[in-house]
Every structure is written in C-alpha cells, then in structure tokens.
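A.B. asks: Given these sequences and hints, build the entire structure.
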Amino acid sequence: MKILVCISSVPDTTSKINFTADKSAFDKNGIQWVINPLDEFALTKAIKLQESQGATVTVVNVGDAGTEAVIRKALAIGANDAIRVNTEAKDSFSVAKEIAKVAQDGGYELILMGKESIDYNGGAVPGMVAQLLNFPFVNASVGLEVNGSEATAVREIEGGKETISVKLPAVVAGQKGLVDEKDLIIPNMRGIMSARTKALVVVEPSNSEVKVEAVSFDSVAPRAAVKLVSADNLNELVRLLHEEAKVI
Amino acid sequence: MAVFVYAENINGIYKKAAFEAVSYAKAIATKTGDSVTAISINPTDSSDLLYKYGADKVINVKDAGLKNFSSKAYAQAVNEVFDGNVIVFPHTTDASSVAPMLAIQKNYSLITNAIEVPESTSPFQVKRRAFSGKGFMHAKADAAGVIVTVSQNAYGVKENAASGSEEVKELSIANEDTKVINHEQSSGKLDLKEAEVVVSAGRGLKGPENWGMIEDLANVLGAATACSKPVSDIGWRPHTEHVGQTGKAISPNLYIAVGISGAIQHLAGVNSSKTIVVINNDPEAPFFKSADYGVVGDAFQIIPALTEKIKALKA
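One line per chain: the protein sequences are A and B, in this order.
Using the working numbering, the letters of the first sequence correspond one by one to residues 1 to 248.
Using the working numbering, the letters of the second sequence correspond one by one to residues 249 to 563.
Note that these hints are calculated values from the structure, not bench results.
One should not assume that every hint holds.
Said to hold, decoys possible - Facing chain B, from chain A, some residues (calculated, C-beta under 8 Å): (1) Leu-38; (2) Asp-119; (3) Gln-131; (4) Val-142; (5) Gly-143; (6) Ile-186; (7) Lys-227; (8) Ile-248.
Beta carbons are placed, not taken as given, at the ideal position from N, Cα and C, and that holds for glycine.
C.D. replies: This is the structure we're talking about:
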C-alpha cells in the first residue's frame, strides 16, 4: 500500500506569535519550526501501517526550501521518501491543488494528514484534497485500521464517536487520539543518518490561483490585571462572578 | 439574492451551533439587504426554531440515503439546493468537513473560523481566528462566491424573528463510499465547544480519582468539563476533553481552570473565553497573568466550598 502523508511546517507550540510592524504578515524572526503536531499524529499512524502492513510512506510538503529541515525530520521518523512542492503556501485552496496533483501522479491509496494546521487553522486542505480527487473523506479521525481495499476509521462526533468503513482510496484527517502521545517517534541517530540519504524530490508548483488573501493580522489583546480573591473569602468570588462578570 | 446558511441538525435536532449560524447569516443579510435561506438535511425539529433567528425560508432536504453522515454526500446535497453567492456553516466537526468539499464543487472561496460579522461583503472580508488562539487574521475572499464557517460561541445567538416559509426538497444522493459500523453518542452530554461554562483541571489534581469534585462543580454550573494536555496524555481524562493548541479551542463565557499552570499552549486554546478564573496553589503560576479572577490556595478545599456557595446562589 502507498500512503501519502501531508505535513505542514509550523511554529513550535511554545512560540509567541508576533506580526510585522505593518501587521501584514506573521513575523518569522526567531521561530523554531516543527511538523504540525496534528500532521505528526498522521505520520505516526502511517509509520505504524508501514511496520504492520509493509506500506510505503511518502511525505509531501508545500513550501519553500526553508521547510526542508522539517521534511528531513519526517524522514528520520521513518517516512520512505519525500516530495516538496517548491512554493510558499499561500492559502488552503492552492495547497490542496498541489497536494491533489502529487496524490494523483503517485497513485496513493491512503492520504493522511492532520485535520488542521496549528498556524493558520484553516482546517480546509483535507476536505479540498478529497473533493479534488473525488475520494471519500473522513475528518477528525481518532482511530484507523486498514484491511485490504477498505479502512475502518473512528471519527469524533459531537458528544461521541462513530466507527465507519471507508473504501480506499480515501483521505483521512487525524486529530489528537489518532495515536497515543507515547507512540510519537523521537528520531534516533540511525534514523537521522538514514534521512540524509533518502530521496527528497523537489517539484515545481502546477497552479498559481489563490482564493483567500490574508489582508492583515491582529495580536490577542492582553487582559486587565487579575483580581485575586482570598481562599477564605469565596463569597467574594461568587459575588464578582455573579454581579461584576455576570457569568453565573 | 439570499444569504444561505447550513443549519446543522444532530439526529434531526437543531442545536446552538445552528442557531448561531442562522443568527450570523441574518447579520450578513441585514448588511446586504437580502433574505436568509437555511438548508437542513433530514431535520425532525420544526423550522420555527430557525425562523426565530432570522431564517426567511427553510429548505428541508429529504433523502433517506443521507441518514448516515458523509462529508462528500452532504456537500453534494447542499450543492443541489444552494444557488447563491454566500453560505454560512457552523464550525462544528461535521459542518466544517462539508464546507471545504462544497468550496471545491462551487469553485468558491472558503474562510473558516470567522468570529465577527464581515467587515465588508463585497469583497467579502472577515476577522477569523488563527494561530490556534494566539492571533487573528483579516481574510479576504477572491472568488465571486464565499463559504464562511463561523466559530462556535463567537458571534453568539441573536433572536430576530422572521415569518418564514418551508420548502421540502426530495433528493437521492449516492452515499456508498462510507458505511457506519458503530455510532456512540450521548445526547445528554453538554458539548465542550458549545458550553457556556467550562470547568477544567490539570495535573494539580494529582490523580483521576479526584475528578469527582470537578464534575460536581460543573454540574451546579451547568458546565462541561475539560482538561490540560498532560492530563489527557497520561490518560486521566479522555482526549476529547483536552483544550489547548493541539486539542480543542474553546470560547465559553466562563472558564474555570483548576490546578493548571497555564503554559502558552494551553492559553492558546482558552484565551478567547470571556471570563477566566484560575485556582492554583502556586502564586507564581503563569496562568494568573492571563486570568480575570484568581484564588491562590488548595483546590481540594476551595472547589467543594465553591460548589456549595454556587449551589446556594442558584437555589
């Protein structure tokens, strides 16, 4: 089985997010880049399928040369090879178009990724890729097994879970719970060494159309100073929540 | 031309997310001088519930084949009846899975996680959540048509009664790519993303056996329960309760954090809560800097006492 895992390169989760002085762009100064954590759940699941079913795992990233360190990390984690589409990711549509092209050209049977990236939070690429390929789509997946030409996926629904069988090829977007935190793979020296010699193919973009533009950005406004209430005076806390904040 | 809205129902029943989406569509329609048309798939609830928030027309899609949810089949069904330039979706799990597929089918722009009424409708421009709660983006649609998903608990529910009319549309969409094997859903449980009050706890609680007092407090407040990342990672609580950058982002009216230090990843998921209360025995916990109200002390004393006092207030 051929699996394509789509990864996005995002600021490390501990990053403070700043914008340029004119607020037109995200300020990348001093940022450490990591595999989008939700994509990493998907990659980890793919590596498990590689181990249990002999699947081959290709990672794809849409990004400029600056994302290669993150792609090499995915190879060190265990992906067989990688493809980078050489263009800065501009919006969900343009990224989905590139991924769909790579997926079509490579004939992958399972396309895995996180349900959203933790930077732009579009949550749109997985569904767009599925529609562009006319594949079935399972979102918010918290469990996945493959049996021949079918997969069994568990997806989160409002107030519960649903287990479904889906015909392959399909697009599955994962979230927290797809694998356990303890299953995440920290690359060892052998993985890091072998990642250097694995194929990382750079392809040029096939599409230049975007459908959404980022006009400007705002930071989160800081809160006013905290009002501390003594642990012996919880009546005051209840009063503040009831009369001042009016939330209870 | 009407502003459309996808009125999601859960097993036929309209929930708050649908009312928020209709309220939001009404706000757009008021700006553009248009009417609101809601689309729902196999609802059992009365359309009166949608008129109340401003729907002038409700198209009820009847399709026995859509009993089970599939993003692709649902997107096709909406596409059959949606013939406008703007459609609003709630940003729930299912609806946010349908919207991107519809965007490709219609060749429209898709803007997700909108939190305010659009700044402009032509071109369509709106403020949306980005960077997992650490920032906001003003996004502009380039295509002639736009699909916008509205973040839960952001715009809110606004009554604006219309004298609506209903149309039934019979469809038979192919829905064979996916089959439901098992469906577990507790209808009584308050959905975390929809909840107006959330009580959340972290490692400060020392063990999963101590969650009873958190649930008691949540019960008196009519709140949902949540937890920090470490707590879900070690399995004290289910992943579905994890709020933060890699879990769920929530924006309730009141967020009470117990024994959570307030790492930046956690704050990202909760800092759009309107009021934040932090209870922690460490006065240096960074969360106090991002809270409205704080209590320094032992949660095992404070939480049961607070529960009693709120019970007394509500009585």
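A.B. asks: With reference to the structure, classify each hint as holding or not holding.
C.D. replies: So, going through the hints one by one against the coordinates:
Hint on A/Leu-38 holds. Least Cβ distance to chain B is approximately 7 Å, under the 8 Å limit. Interface hint status for A/Asp-119: upheld, as the beta-carbon distance to the closest one in chain B is roughly 6 Å, under 8 Å. Against a cut-off of 8 Å between C-beta atoms, the interface hint on A/Gln-131 holds, since the closest Cβ of chain B lies about 4 Å away. A hinted interface residue such as A/Val-142 counts as satisfied when its beta carbon comes closer than 8 Å to some beta carbon of chain B; here the least separation is about 7 Å, so the hint holds.
The beta carbon of A/Gly-143 is not positioned within 8 Å of any beta carbon in chain B (closest approach about 11 Å), and the interface hint is therefore violated. For the restraint placing A/Ile-186 at the interface with chain B, the shortest Cβ-Cβ distance is roughly 15 Å, beyond the 8 Å limit, so the hint is violated. At a threshold of 8 Å, the smallest CB-CB gap from A/Lys-227 to chain B is about 5 Å, leaving the interface hint in force. Checking A/Ile-248 against chain B by beta carbon gives a least distance of about 6 Å; that is within 8 Å, so the hint holds.
Hint violations for this structure: numbers 5, 6, all remaining hints satisfied.
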